[in-house]
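Peer 1: Here is how the chains run, residue by residue.
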Amino acid sequence: LAKTTQPISMDSYEGQEVNITCSHNNIATNDYITWYQQFPSQGPRFIIQGYKTKVTNEVASLFIPADRKSSTLSLPRVSLSDTAVYYCLVVSNSNSGYALNFGKGTSLLVTP
Amino acid sequence: EAQVTQNPRYLITVTGKKLTVTCSQNMNHEYMSWYRQDPGLGLRQIYYSMNVEVTDKGDVPEGYKVSRKEKRNFPLILESPSPNQTSLYFCASSSRDLNSPLHFGNGTRLTVT
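Chains P and C supply the protein sequences, listed in that same order. Its first residue numbered 1, the first sequence is counted upward by one per residue in our numbering. Its first residue numbered 1, the second sequence is counted upward by one per residue in our numbering.
This is chain P alone, in the form it adopts within the complex:
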């Protein structure tokens, strides 16, 4: 099972680019990497997903190196409303079932 590790917290100023890296050393060949965002008192919501190289959508970019043992969520020009907890998730379809290994999350604080 791919265990994930993320920094506990990060700080940024408005307008800066923020990069959050997740380690998943035991990722398997068929595993995808997904990132979620969570605001207080709400359930997590999907941001972006990738398998390898780079994926970009209207919200973020996801960079995955060739060995896939880590991934980096990139948030361009953050605003105060990007203050949230960000989770990295690797879905592992093991013989024991579908284990969903959420990291402990990275708490991002954006200040003016």
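Worth flagging that the hints you see were computed from the coordinates, not collected in a lab. Glycine included, each C-beta is placed from N, C-alpha and C at the ideal position. A hint or two may mislead.
Said to hold, decoys possible - Only part of the chain P face toward chain C is listed, based on derived beta-carbon distances under 8 Å:
hint : residue
1    : F39
2    : S41
3    : K52
4    : V91
5    : K104
Following the hints, position chain C against chain P.
Peer 2: Relative to the frame of chain P, chain C by itself:
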């Protein structure tokens, strides 16, 4: 509107009094799961279900039960709640392809005294 609905949002109970937290989704998803969220521990999976009448334990199943009699509903049952089950609980669903995004409910904050 596609959504996962949990009830209640807040619940205060006493040790040993059986309770059920309901979860319903309207997206015809096969996969449903329950998580608890505690400070410093992130999201930990309690139980999940791949389809009707199919359930499996997650990382922290002790003290919980689930059932999946219908595709849309996945209730979480605490037969004899204890204070260490005080937590924020989330239900989630997705299609059978688990590389599809998970859709989460808005959470149930449970306090057991």
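Peer 1: Each hint: holds or not?
Peer 2: Consistency of the hints with the structure:
1. F39: Violated. Min distance 11 Å.
2. S41: holds, 7 Å
3. K52: violated, 13 Å
4. V91: holds, 5 Å
5. K104: holds, 4 Å
Of the numbered hints listed earlier, those contradicted by the structure are 1 and 3.
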